[in-house]
Amino acid sequence: MVNKTFIRFFGMKRSGNHALQNWIIPKFTGRVFLRNNAAFKNLVNKKGCDGLNCFRVYTHVTPALRDDNDIIFITYEDLILSDCLEHAANKDNVYGHYDDYKDIFIIRDPYNLFSSRAKHYDTGVAHRSDLCVHKRDNLDKLIFLWKDMAHRFLNPREGELGIYYDKWFNNVEYRKNICSSLGVEFSDKGKELISGWGGGSSFDGSKTPAEKMRVLERKRGYEKYEFYLRLSEDAELNALLKDINESIK
Numbered sequence: 014m015v016n017k018t019f020i021r022f023f024g025m026k027r028s029g030n031h032a033l034q035n036w037i038i039p040k041f042t043g044r045v046f047l048r049n050n051a052a053f054k055n056l057v058n059k060k061g062c063d064g065l066n067c068f069r070v071y072t073h074v075t076p077a078l079r080d081d082n083d084i085i086f087i088t089y090e091d092l093i094l095s096d097c098l099e100h101a102a103n104k105d106n107v108y109g110h111y112d113d114y115k116d117i118f119i120i121r122d123p124y125n126l127f128s129s130r131a132k133h134y135d136t137g138v139a140h141r142s143d144l145c146v147h148k149r150d151n152l153d154k155l156i157f158l159w160k161d162m163a164h165r166f167l168n169p170r171e172g173e174l175g176i177y178y179d180k181w182f183n184n185v186e187y188r189k190n191i192c193s194s195l196g197v198e199f200s201d202k203g204k205e206l207i208s209g210w211g212g213g214s215s216f217d218g219s220k221t222p223a224e225k226m227r228v229l230e231r232k233r234g235y236e237k238y239e240f241y242l243r244l245s246e247d248a249e250l251n252a253l254l255k256d257i258n259e260s261i262k
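For the sequence shown, the residue numbers in the working numbering are 14 to 262.
For the record, the hints were derived by calculation from the structure and aren't laboratory data. In this text, a Cβ means the ideal position worked out from N, Cα and C, and glycines have one as well. Careful: at least some of the hints might be erroneous.
To be verified - Using 25 angstroms as the maximum straight-line C-alpha spacing, the simulated DSS-like pairs for lysine-lysine come out as follows:
# : residue 1 : residue 2
1 : Lys-255   : Lys-154
2 : Lys-154   : Lys-26
3 : Lys-40    : Lys-189
4 : Lys-255   : Lys-237
Claimed, not checked - Computed spacing ranges between beta-carbons, pair by pair:
# : residue 1 : residue 2 : range
5 : Arg-44    : Tyr-238   : 39 to 47 angstroms
6 : Tyr-114   : Ser-245   : 34 to 42 angstroms
7 : Ser-245   : Asp-81    : 49 to 57 angstroms
8 : Asp-81    : Asp-247   : 46 to 54 angstroms
9 : Arg-44    : Asp-150   : 39 to 47 angstroms
Could you put together the complete structure from these sequences and hints?
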C-alpha cells in the first residue's frame, strides 16, 4: 500500500527546482498530482500545470486533482520561506487526508544562482523583471530571500528537508542521503532530464545533457557585475554560504 504523502517544494527561480523535481518524482510509485509554481493559497481546482518533462515521461504523474492521488506535490518559487513554513500544509484538510507531510526546499550557491538569473534575463529567454538582478530593489529582495532560506537550511525543523543544489548535482552520496531522508529507494532516474519549462537552463537551454552542463561554474564572467560585487561584500551572506558548505562535508 502506498503511503499517501503531501509535499510542498520551495525554491528561488533558477535554483535547479525542476531538476530536483524531475529527480524526486520517480521515487514515488503511486499516482502523483503535480502543481508547478503555485500561488501560496489552499486552492482546490482542476487546473494544473503541463510544462514539466515528467508529464510526458512519467505515466504516474498527472495535472488532474483526483481523489485517488497518492502524492500531492506542490511547488512554490521566490517566496519568503520562513513565512510560508509557518502555515500548515493542507490547512483544513482541503486536499483530503494524507498520512505524511513533507516540506522540501532547495538552495543554491548565490553566486551561481544570481549569475543564472542574470543570464536568463539578459538573453530574453524569460524577460521578466522578477528575474533581473541588475536593479537595486530586485537585488535587495532576492538577497533577503536567499538569506532567509539559508538560515532555515542551517536550522531545519521536523518534517523539513533542505537540499543544497550544488552538492546534489555532483555528489552521489549526498543524493543517497536525500533519498534516505525522504524514505524512498535511491536511483538517479530523472537526473538527466532537462525541463523545457522556463526555457530550460539559462546557459544551455533544454538540449544539452544535464551531466555536461557546467552548473557549478555559472559565476565565471560575472565577477565585475554590480550584483556580484554586492554579493562579495555581504559578510552575512558569505558567512551563511561558508556554514552551508561546512555543514554537508
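Hint check:
Among the hinted pairs, Lys-255 with Lys-154 is consistent with the structure: their alpha-carbon atoms are about 21 angstroms apart, no more than 25 angstroms. For the suggested pair Lys-154 and Lys-26, the alpha carbons sit about 13 angstroms apart, so the restraint of at most 25 angstroms is met. A C-alpha spacing of about 12 angstroms is found between Lys-40 and Lys-189, which places the hinted pair at or below 25 angstroms, so the restraint holds. Between Lys-255 and Lys-237 the CA atoms are separated by roughly 22 angstroms; this keeps the pair inside 25 angstroms, and the hint holds.
Take Arg-44 and Tyr-238: their Cβ atoms lie about 45 angstroms apart, and the range 39 to 47 angstroms holds. Taking the beta carbon of each, Tyr-114 and Ser-245 are about 38 angstroms apart, inside 34 to 42 angstroms as hinted. For Ser-245 and Asp-81, the Cβ-Cβ distance of about 51 angstroms falls inside the hinted range of 49 to 57 angstroms, so the restraint holds. Between Asp-81 and Asp-247 the Cβ separation comes to about 48 angstroms, which falls inside the hinted range of 46 to 54 angstroms.
Arg-44 and Asp-150 have their C-beta atoms about 42 angstroms apart, which keeps the hinted 39 to 47 angstroms range intact.
Going down the numbered hints, you'll see the structure goes against none, and every one checks out.
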